[in-house]
Every structure is written in structure tokens, then in C-alpha cells.
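Residue numbers (this note's numbering), protein chains in the order written: chain W, 466 to 759; chain G, 9 to 393; chain F, 26 to 337.
Since the hints were derived computationally from the structure, they do not count as laboratory data. We treat Cβ as the ideally placed atom computed from N, Cα and C, and that holds for glycine. A hint or two may mislead.
Among the chain G residues that face chain W by a calculated CB cut under 7 Å, a handful are [stated by the list, open to error]:
id, residue
1, Pro-79
2, Asp-86
3, Asn-97
4, Thr-114
5, Asn-186
6, Ser-188
7, Thr-190
8, Ser-241
9, Ala-244
10, Gly-245
11, Ala-247
12, Gly-248
13, Gln-267
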Amino acid sequence: MATQAATLAGAIPARHRIIARRRIAERVIVGLLALATLASIAILVTILSYVIIQGIPAINLEFFTQRPKPFGEVGGGVQPALVGTLVLAAVAGAIAIPVGIAAAIFVVEYRSGRFATPVRFAAELIAGLPSIVVGVFVWAFLVRGLIGHFAALAGAVALAVIMVPIVARTVEEVLKLVPNSLREAALALGAPRWKVILRIVVPTARAGIITASVLALARAAGETAPLLLTALGNDFFSTDLLRPIGALPLQIYRYAISPYDDWHTKAWGTSLVLVLVIGIVALLLRVVARERVR
Amino acid sequence: MKTRRLFAGLLAISALVAACGGAPVSTSPTPTSATTGSPAASADPCGIPVTQKCSSEAQSLTGAGATFPGPIYTKWVDEYNKLTGVQINYQAVGSGGGIKAFTDKTADFGASDVALTDAQIAAATGGLYMVPTVMGAVVPTYNIPNVTATLKFTPDALAGIFLGTITKWNDPKIASENSSVTLPDMAITTVHRSDSSGTTGVFTDYLSKISPDWKTKVGAATSVNWPNGVGSSGNAGVAGSVKQTPGSIGYVELIYAIQNKLGYGVVKNAAGKYVEASLDSTSKAADGFSMPDLGKLTGEQTKLSITNSANADAWPISTFTFLLVPKDLSDKGKAQAILRFAWWGTHEGQSFTKDLGYAPLPTNVVKSAEEVLKSVTSGGTKVLK
Amino acid sequence: MTRGFDRYFAVGVTALAMLVPLTLTGIALLIFIDAWPSLTHFGLSYFTTTVWDPVHFIFGAAAYLYGTIVTTLVAVVIATPIALGASIYLTEFAPRRIRGPVSYVIELLAYIPSIVYGLWAIFVMVPIMRANIEPALQGSLGRLPLVGQLFSGTPVGLDLLSGGVVLAIMILPILTAISREVLLAVPPTQREAMIGLGATRWEAVSRAVLPYARPGIIGGVVLGVARAFGETMAVTMVVGNSSRDITGSLFVPGYTMASAIANQFVEADSELYFSAIVEVALMLLFVALVVNTIARYLIRRSIADRPAGAVV
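Isolated chain W, as found in the complex (with noise of 0.2 Å):
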């Protein structure tokens, strides 16, 4: 473009005013979508910010290993919620991660049943679901049915139905990658088909079944909304499945709409600890992730 400026540089000025314009409106154009990438990565710097700021003041030994106090009293911590994600965390995903791997390789390995699409398709109506409405269901099945009352489990199922469209597509793309030839190799060999998926296929897909698996397990463990309608919360510290539990998010969610500033700069600290721990979770993703690639 450039040469083609020079040469008609001392040709015919319209054009060469019509090529400047043009040049002119690209640089004013480029400038204005490298604002507003500067805007996007100012949004996440802002937000970490104050997280960061405001939480840190929040940070003691008490926070972590103490319960709540009354209403108005300074002091206590959310040791019960903190366990109450851990729970919620370990059961859902003890329930999605063994579903969702057995949808995908449902949908691939055995492709030809007549169910695959209609899998595939649930799951991802399910992943675009509101996760209110999910909590309206578990709520209805769980609490108000087959359990009775508030309790962890119900918390962890809604968790899980949320969790399993992730695991399941992420793992439907991983298996995807492993090469047909292996699975016809070990076929040839005279391996049945159930050791070709579990002790060849899945195996070799193993990285990208640990990423998916943390995914879903990092968003379990920021949803608040269906956790409102099931597990209820818990002042208390309790890892009984059939009691309500507490969970990091709803501990914010509380104390950040209540007057109380003890409470507030306590939201902000579960805030930054609830952050803290799926950054580093993303972060071992990378890690796992370019070890595979080498």
C-alpha cells in the first residue's frame, strides 16, 4: 500500500487525498478497537482491584477457623461456609464428573445408539438453563420431595445438574482428539470394547478429563442462586448431607446486602478467597494443559 501511495504520489492528487482519508479512518478506527480492548482488560483489572483491596483487611486466622457471630457483633469468621463449598464441591462433582465423562463417551465411543443426539442435545439445553431454574427443580423434587427439608445433598445435586453439560462437553471434545487408530489398534489386538474406552481412550484423554472436571467444578463453586432455594445455609459447621449447609457465595450474598460493615468487609474477604482459589485452579489448568501439548 505504501508503494502504491508513492507511485501515484505525484500523480493524481484526488486520489491520493481518497487513499489518505482511507488511511486516516483506519488508524482512527484500529485506535478505537484498541480502546476498547483496553476497556474490556480495565473492567477485570478494577474488579480484581478492589476484591483484592477491599478483602485483604478481612484475611485472619478467625475468618478462616471461626463461625459466624450474632447479628451487629464484630468478629467470628466463615469456617462453616468455607467447609459448606468444600462439601457442596466434592459431592456434586463425585456425582456430575462420573455422568457427564459417561454422556460423552456415550455420545462418541458408541455413536451409532439411537440415543446420542437426544444426550447431546439435553446437555446443552441443560448448560443454557438459568441456574435459578434449576434450583426451582431440585427444590421441588428434593426438598419439597424425596428429602423433606433444606439439605446439602439437594444443594449438591443442583450443583451437579448445572456441572455435568460442562464435563460432558468438554470431554466429548477431548475424546473426539484421540486418534481412531488407537482405539481400531486395540480392537485388532482382540481387546474387548469396554477396555478399549476405559483402559486406552479415556486414559490417553486424561488431561482434558482433569481440565473439564475443574471447569465445572470452579463454576459449582461460584453459584449462589440455586443454593438460596437448597441448601439454605448453616451458621453452624456441619458436613451432615441432610442438613442445610452454608457455601462461600451465599456467605457473600448475605453480608453483602445487610448494613453491617464488619459484614461487608467480610463479603469482599470471602470475595477475594472464593477468586483466590479458582485463579489458582485456572492457572493449574494452563499447567496441565501445556504439558499435554508438549
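Position chains G and F against the provided structure of chain W, taking the given hints into account.
Below, chains G and F alone, put in the same frame as chain W:
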């Protein structure tokens, strides 16, 4: 592999945190014997008065309900846990939530600031008793820039503000009663409850009594069709919104305004006097009020209403708040736990009311509470003897 | 022996996998059944009445629908230019070395839990909206004839505009990510042909790449829309939680369908009230299913292999 070690490390950390919680609740040592209790305890550790741990009662309960008594219930739960080891998980989700959780039996007991309607009582299979626990005051709390004085409100002014007919802080209806204060020419933002609330029930009950306009246009209930304003969840949410929004006014239980250093107004009561919300004025609202037979409750909310009391020094927006307990509970351990807690609350628990701005129950009301608590049965036999 | 186990394995995997469509069916069924009393009682008036009165048992979700549409619209209007701009910059114009890291940073936004957005919004964003941005908007755009209606009334901060802005921030990462993928899937031949004809790089992008990528980008926007009106927590903390008459202003407290459920579900204590709330969930469910299906169809068409030279 490096990643495997990293994950193992993460697991170890989470196990550590969980293990920390495995130790007994560390706010104070949990007494397992009656050494810290009164020496003249009843021979039956599972009886009343409550002095020590009872092994046959349920060790954990779930309660859901009003945010109005949130500060004192959470205090009670904390103290009761130190005394008996019972963990009562009280979640303040609002009176409506408490009524629903109790009716659906998704919680062990409920809590509400207002009496249930006929329909709600009918829906609660097996019946229920309403046990009064404390009295409290609903106050109009506000946040006006540069105004630190206590504002005076006439009933008409309050109704007008929440109806939306009074839109600015310097409106004559407000200013005329507050001549010593310079009120700004600022729009009023009202804050109400977005959830189903007993505090709303009490406040709208009062407004319906003093404003025929309010009664026809909006009415009194735990959840109404507010003509204007912002909605927030829980007493805490309303206080939070008022604190954050200049020019706003909301209605909350007294302690929420005090704990958060929010201004709250004085209101002209039925006797024509400007009264400040306090322990005394709240108690005076119950003077002469005889609690109906709580064992035979029908859903007339006015029967338990003490708003707009005619007493000279009464705070006009006072209320009792109640625990909802089942009439009969087949699980004896749970019944014991609920009833002992309620008994303790209506007796020893009353000593915590003053510090938190609630008024203790008048003695005749405590008697009514004792009667209903004693009549709760488990599988036909009375639980408390 | 192993033949037999093969069958058990297949059955086992199938059983677990079938839980997925089973759950979806369960969700749709349970919600429909619980919403039935309200559906039959109110019929179509449910969607046109703005009155939500638990005292007089009149329930109309028009205000919730309105709030959801308005906040989503605001979110899309704000987020799409920014997301598109950033994704175009990162795929076409940015120095190669920063493309990967910067894209990664923007996508990190998606990892932040929505409750943290809500926390930041309620303590940082809303005061700024109320004290600075909304008055500024009222003073400037508020003076224009038609558009001015949007910015009328007293700025409260806890209103539809704040709801829309926080949603915009939340759908930004997904919009950016999908736009990037769609743009990267455009065959380089499109770009090269334009440049060969003498276009500047921007002209090549705007006249060849973007039209080619349009269905996919629209799909991304639709996905953003789906995400926006399903979002609950962040919105409920700043939107005002008040359902009233539909005015034309963005400065009034409002309600979205999701926040209505979050606030009122646990305590809808009469049967009709409860059913009315579940009907809101039914609406959300239905719209989510429809919109997501459309979005994924559009995106899949764009990212799947396409012959070089195809225009749409």
C-alpha cells in the same frame, strides 16, 4: 508428575481446613456437665427450666423465618449452644419464608412477626402454635445528607411518603413538624421489603389503621403491591439500602437502625404524643393487651396486633414476634429440642433483650407462652412436664 | 466372560448418560406441573398485567418480562461494540505477541463468580451510577426529545440501568470469546483477496471478514442474550427489586424474571402465589431453551468447516 503433586497439595490443604472445623465449635468450651449451670437444676436434664445438655433431644435444628428478631435469635442460638450444645441453625429468610418453610415442613420451626391468616393455618397440616418471644419496634429510618437531627413524623406524613403523595423531603407535611431542621429539596426514595416480611405486615397494619387511603389502595400483608420505591431483602437489606442511598427512608426493627448508626424518627402516636421508640414505649404498647388463647388461634391478624395503641406513651408501631411450633411432632427428640429452646428463650433469653433494643415479654404473655409450650405433644403425650 | 461385561458396561454407560435427557425432562415437567394452577387461573392476562399483588391474589408478570428485556437490551447494546471491537483488534490488528495473553486475560472475566460481580456492583458501581453517571446522562442525553425519556426521573442507582450495565460486564467475556473464534474461523483467503484488491486492513475486515462471520457473531450475541436474562445474583443486588408500572425510564427500580424468583420463591406462601412464581420460572425455561438453540445453531454453522469463498 508435577501436576499430581500440586493436586495432592490442594487436597491436603482442603482436608486441613475441614479438619480445623472438626474440633468443637471454638467460640467457647461446650459444657458437657452442669458445672457452669445453676446448682439447683431440676433432676431431669431434659426438662425445664433448661440448665444443661440433654442427651435425648435432637442435637441440631433448622429454623427459618423473620429477620425482625434476627439479632436476638442469633444471640440466643449462640448462648443456647454454649449451654446445651444444641446447634440451632436459624436462617433469617423473612416471615413469609418462615411460614412457608414451616408449612412445607422443610424446616423444624418457623418464625414470624405477624399472625398467620386462616388460609395459612389451614395449610399447616397438623396445626401449629404461635409462641411469642420478644417485643420490638418498627421504626422509620432515613438517610438525609446533612441532617443528623431526629425527625418527627405524623401518621399522615408516613402514609403520604410511602403512598407516593409526598415526594420531597422539604414537603410542608414533613417540614411543619420539624421547624428546627433544614430539610433539603431532595426527592424521597422509599425502601421496602422485596421478600415476604412480617415487618412489612406490622408496618402496613399500622398504615392501614391510620390511613384509609392506604387501606384501600395497598392493604396490610406480608407482601404488598408497593406504589413506589426500591425493594431489598430482609431487615438487613432495607437497612443496607437506606445506608447506601442518600435521601432514602425505610422501615426496620429498631436495633438495625441503632447498630448501623442510621437516623430514625419519632412518630406521633394515637394519643397525640411524639414518642421515641424504646424498650419502655414498646412495652407500653402491650399495656392492657390480653393475649388470646394461643391454643385456639384463628387467623385474625388484628387479634395479635398492638399497633397504634391508645396508651399515652406507647410506640405506635410495636409488635410481638413469634416462633411457630407444631402442635404435635412425632420425633420426640426434635420436639424436646424445639420446646426447650423456646422455653429458655421466653425465660432466660429475656435478659438479652435490653442490650439489643427489644422489649421483654410482659408477665401475662410469658404465661400464655408457657401454656402453649406445655401443650405440645409428641405422638399424643405431652413433651414438657 | 468379557463379552458379557461389555454388555454391562454399555448398559452402565447408557444408564448414566440417559440421566441427562431424563433430568431435562424432569425439569420441564415439574416446573410445568407446579405452574399449572397459575397458568389456568390467569391465562394470557399473566403476560400483560403489571400488577403483582399477593394480598388481592392478582399476579401479572409483565413487569418482570419488561425488566428482563430492558436490562438485557442495555447489556447487549453496551457489550457488543466493546466485545466485537476487542475481538477484531485481537484477531486482526494487535501485535502478535500480545494476542494470546490479552485474550486470556479477558476470558478470565468469565471465571469470576457472578456474586462477586454483584458485590462490586453494589458497593462500587451503584454509588458512581447514582452520583455521577446517571445525573450526567440526564443532563446530556436526557434533554433529547425521544431518547430523553430513558433518562428521566430521580437517579437512584438501584435501577434498570445499573442492572443492564452489570449484565453488560458479565456477558463481555463470552461475547469476546465467541467473536474471536468465529473471526479466526474465517478463511484467510477472504482477507487476502481484499488486500490484493487494494483495500486497507480495516476495509478488508469490515467488507470481507465481518460479513462472512456475521451469522456466528450474531449467534454469539444471542448466546450473550441467553446468559443475560438467566443471570440472577448480580442483577438482583442492583436492579431495585420493585415491580411497578412500566415507565419509559431506565432510572426506575425494576425486576427481572430471575431476580423475582430469587427474592420470592422461598416464601410464596399461598398456592396461587407459589404457582405464579413457578410460572415465571417456566417462562425463563422456555425462553432459555429457544434462545440457546438458535444461538448454538448459528455459531455451529459459522465455526464448522466452510468452503473458502462462501459468502454466507
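Tell me the numbers of any earlier hints that the structure contravenes, in ascending order.
5, 6, 7
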